[in-house]
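Q: All chains, full assembly: derive it from the sequences and hints.
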Amino acid sequence: MPLLFVGAAGVIYAITRVQSWSWLCVLLLAAALIGVRKDTRAISWIHYLPAGLLTLTAFYLIYQYANPFWHRVVGWQTESMRHIFNWNDWFGRIPGNDAAFMRVWQPWWLTRYMQWVYSYGFTLSYWICIIRAFFTKDVTRLGRYALAGYLLQVPLILPFYNTILLQEVWYVQGTPDLLERMMSPEVAYQTVLNCFPSMHTSIAFAGLLLSLREKSRWYKTVLSVYCISIIISTMYLKIHWTLDVVGGMLFAAGCVWLADRMVGSRAFRAFTVKFEGLGQRLERRMFPAAGEGGD
20 MPLLFVGAAG VIYAITRVQS WSWLCVLLLA AALIGVRKDT RAISWIHYLP
70 AGLLTLTAFY LIYQYANPFW HRVVGWQTES MRHIFNWNDW FGRIPGNDAA
120 FMRVWQPWWL TRYMQWVYSY GFTLSYWICI IRAFFTKDVT RLGRYALAGY
170 LLQVPLILPF YNTILLQEVW YVQGTPDLLE RMMSPEVAYQ TVLNCFPSMH
220 TSIAFAGLLL SLREKSRWYK TVLSVYCISI IISTMYLKIH WTLDVVGGML
270 FAAGCVWLAD RMVGSRAFRA FTVKFEGLGQ RLERRMFPAA GEGGD
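Residue numbers (my numbering): 20 to 314.
No lab work stands behind these hints: they were computed from the structure. C-beta: ideal position from N, C-alpha, C; glycine also. Every clue listed holds true.
Each pair of labels, with its calculated beta carbon distance range: (1) A207 x S284: 39 to 45 Å; (2) T240 x W42: 17 to 23 Å; (3) A49 x L269: 31 to 37 Å; (4) K57 x G111: 44 to 50 Å.
A: Here it is, written out as structure tokens:
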């Protein structure tokens with residue numbers, strides 16, 4: 020058991036290092052973990068940890084290697100794809116679609132906050148949900164968050180990105196990049212692709228929808244504030260168009276619905292029972308008397 024706990028701590032630490040989380044990111048994660056007991060299953064750590072740790076490790080490995088894969092996809096799009104639709108001019112002509120209403124008030128501190136939110140928001144909202152779900156000792160909850168927040172979103176969103184050319188608001192309008200990424204024209208062209216639907220929005224909104232089902236009011240408040248900030252930042256910083264955000268929210272709702280259907284299926288429930296059986300067998304070996312009396 021000590022080795023399993025050390026392994027879990029090591030995986031969580033490794034997750035924070037993939038994109039070098041700042042101390043603010045770690046603080047936000049710690050805040051989200053307050054009150055986690057309200058949503059924790061009534062099973063022992065021995066019963067849960069083998070399956071929970073294997074699941075968390077698998078998600079970490081996907082995270083570790085997904086970013087290079089995503090850059091290869093974008094590079095292939097830039098070199099090989101000929102998008103069927105070019106929405107730059109059309110989106111630029113729609114009144115209010117550039118989300119100028121989000122930039123009526125732009126003090127320097129709010130801009131810095133939005134820059135921080137957007138820079139980490141693509142993955143941080145997802146990982147806050149995943150790590151908290153890990154501490155609830157619930158493999159089913161882990162699966163639901165992972166499917167709705169990432170595993171379903173990536174393959175389902177690629178058809179949009181491979182057929183629709185829509186670039187970031189500041190790039191289309193020829194104004195400075197408010198995210199201050201200091202990109203060359205060549206790098207900028209590859210970076211500002213894939214706007215519809217907004218995946219920053221879809222990941223954050225999926226996490227928000229699922230978090231509202233939890234019992235802890237504190238957690239719902241923390242995640243709601245952060246996820247809504249992510250969605251606002253995409254428009255405040257002139258990254259995404261208003262319709263990108265609407266599309267991202269609808270896309271997220273669809274992924275949550277699909278994740279619910281998958282997690283609620285008989286096959287998934289049967290798999291979960293067998294998977295958690297790893298810990299159940301370990302518990303019976305460590306405490307045979309308890310195992311004879313029932314789980």
